[in-house]
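Undergrad: Could you put together the complete structure from these sequences and hints?
Numbering (UniProt numbering), first residue to last: 1 to 361.
Worth flagging that the hints you see were computed from the coordinates, not collected in a lab.
All figures in this text were calculated on a predicted structure; none of them were measured in a lab.
Just so you know, even glycine gets a beta-carbon here, dropped at the ideal spot from N, CA and C.
Check each hint, because a few of them may be wrong.
To be verified - Label pairs and their calculated CB-CB ranges:
hint: 1; residue 1: 103; residue 2: 76; range: 38 to 48 Å
hint: 2; residue 1: 76; residue 2: 319; range: 40 to 50 Å
hint: 3; residue 1: 54; residue 2: 337; range: 47 to 57 Å
As the list claims (entries may be wrong) - SDA-like, lysine to any residue: derived pairs with alpha carbons at most 25 Å apart:
hint: 4; residue 1: 190; residue 2: 237
hint: 5; residue 1: 185; residue 2: 297
hint: 6; residue 1: 99; residue 2: 149
hint: 7; residue 1: 71; residue 2: 46
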Amino acid sequence: MDELDDELQVEEGNAASGEGGDELYEHWKVQVDANQDPVRIDKYLADKMAYQSRNRIQQAADAGFIHVNGKPVKSNYKVRPNDLVTLMLDRPRHETSIKPEEIAINVVYEDDQLMVVNKEAGMVVHPGAGNFHGTLIQAVAWHLRDMPEFDANDPEVGLVHRIDKDTSGLLVVAKTPTAKTALGKQFFNKTTHRSYNALVWGNIVEDEGRIEGNIGRDPKNRLRMKVFDPDSGIGKTAVTHYKVLERFGYTTLVQCVLETGRTHQIRAHMKHIGHPLFMDETYGGTEILRGQRSSSYKAFIQNCFKLCPRQALHAKTLGFVHPTTKQQMDFDSEWPEDFRQLIEKWRGFIAGTTQDTFKNI
Numbered sequence: 001m002d003e004l005d006d007e008l009q010v011e012e013g014n015a016a017s018g019e020g021g022d023e024l025y026e027h028w029k030v031q032v033d034a035n036q037d038p039v040r041i042d043k044y045l046a047d048k049m050a051y052q053s054r055n056r057i058q059q060a061a062d063a064g065f066i067h068v069n070g071k072p073v074k075s076n077y078k079v080r081p082n083d084l085v086t087l088m089l090d091r092p093r094h095e096t097s098i099k100p101e102e103i104a105i106n107v108v109y110e111d112d113q114l115m116v117v118n119k120e121a122g123m124v125v126h127p128g129a130g131n132f133h134g135t136l137i138q139a140v141a142w143h144l145r146d147m148p149e150f151d152a153n154d155p156e157v158g159l160v161h162r163i164d165k166d167t168s169g170l171l172v173v174a175k176t177p178t179a180k181t182a183l184g185k186q187f188f189n190k191t192t193h194r195s196y197n198a199l200v201w202g203n204i205v206e207d208e209g210r211i212e213g214n215i216g217r218d219p220k221n222r223l224r225m226k227v228f229d230p231d232s233g234i235g236k237t238a239v240t241h242y243k244v245l246e247r248f249g250y251t252t253l254v255q256c257v258l259e260t261g262r263t264h265q266i267r268a269h270m271k272h273i274g275h276p277l278f279m280d281e282t283y284g285g286t287e288i289l290r291g292q293r294s295s296s297y298k299a300f301i302q303n304c305f306k307l308c309p310r311q312a313l314h315a316k317t318l319g320f321v322h323p324t325t326k327q328q329m330d331f332d333s334e335w336p337e338d339f340r341q342l343i344e345k346w347r348g349f350i351a352g353t354t355q356d357t358f359k360n361i
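TA: Shown next as structure tokens:
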């Protein structure tokens, strides 16, 4: 059985992972053998996945997290030759106990089922290696300390997706098992809407485009992801759509929308097409990659680096169907101050520069 969509891999080093929508689930797929005899799918999967209980697999089926040939099935479904089975399971509990910490967070929406948080850059979403305090989920646990039914250590509630430590922006948190299941299903079925704003190096010629390339660990640097050919069999399928919002000659402000949610997806994909994110140290964005040789320009860039000392990436919008009211919920967040000041700096730069400056860049 092949792991299909392990979208929330823990990053080695900082335990933050995913760009937008990296679900807190394990995703699997299996192609049923052509000679397979009919057998209940819960038994079939339990035999294939020796470390998973049949009861846990049945729960996944009841929640709509087992699909055969693209359609949800119940646990009594009998597999047939050549069926394509996809499965989503909650990840096991983390060994690190989550204890509430009194940390201020920006809650942009909250009701009895969920809350939407605008995470600041520099905050890891979940405790892990090297980051045991000051995380988003610990702040959420403190915020919900008077809600006894919410236990941050319970995998049936809590985070539904993650964004990187140094990425700012919107995240949804499930306060109940009902919300966690319903929201998880939407991420699984890719019916949520999430868009990001990013400042990248270079002038992107096309007004909009599509980047497709498998994403996997860089064999030369385990903290970095690399893009592989879709036919290589290496990494996991990843698709990013981008649209140019503003051009600043040597940099470009883009909107990115993800079809998939791989670790570092936007960062790796933009690097792959020659436009790494501004100030993204992991992918080479802390070098002056485009522009002039003058000392004044170098000073301008260093000033920009100081204004926004992290990758220039913000999870700006988030949309989903409410788990109980079934209403469409759409959220749009303002740029954080560091990102806003960075863009204003580049707007000022472009306003004082002639178009001839940008020929042949």
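Undergrad: Quick one, are residue 99 and residue 149 close enough, alpha carbons at most 25 Å?
TA: Between residue 99 and residue 149 the Cα gap is close to 15 Å, so the pair holds against 25 Å.
Undergrad: So does residue 76 sit 40 to 50 Å from residue 319, Cβ to Cβ?
TA: Violated, at about 35 Å.
Undergrad: Go ahead and decide if the range 38 to 48 Å is satisfied by the Cβ distance of residue 103 to residue 76.
TA: holds, 46 Å
Undergrad: Just to be careful, I want the Cα atoms of residue 190 and residue 237 compared with a cutoff of 25 Å; is the pair within it?
TA: The given pair, whose Cα atoms are some 14 Å apart, holds under the 25 Å limit.
Undergrad: Do residue 54 and residue 337 keep their Cβ atoms within the hinted range of 47 to 57 Å?
TA: holds, 52 Å
Undergrad: Given the hint that residue 185 pairs with residue 297, does the C-alpha gap stay at or below 25 Å?
TA: violated, 49 Å
Undergrad: Given the hinted pair residue 71 and residue 46, is their alpha-carbon gap at most 25 Å?
TA: holds, 20 Å
In summary, the structure is inconsistent with hints 2 and 5 from the numbered list given earlier, while agreeing with the others.
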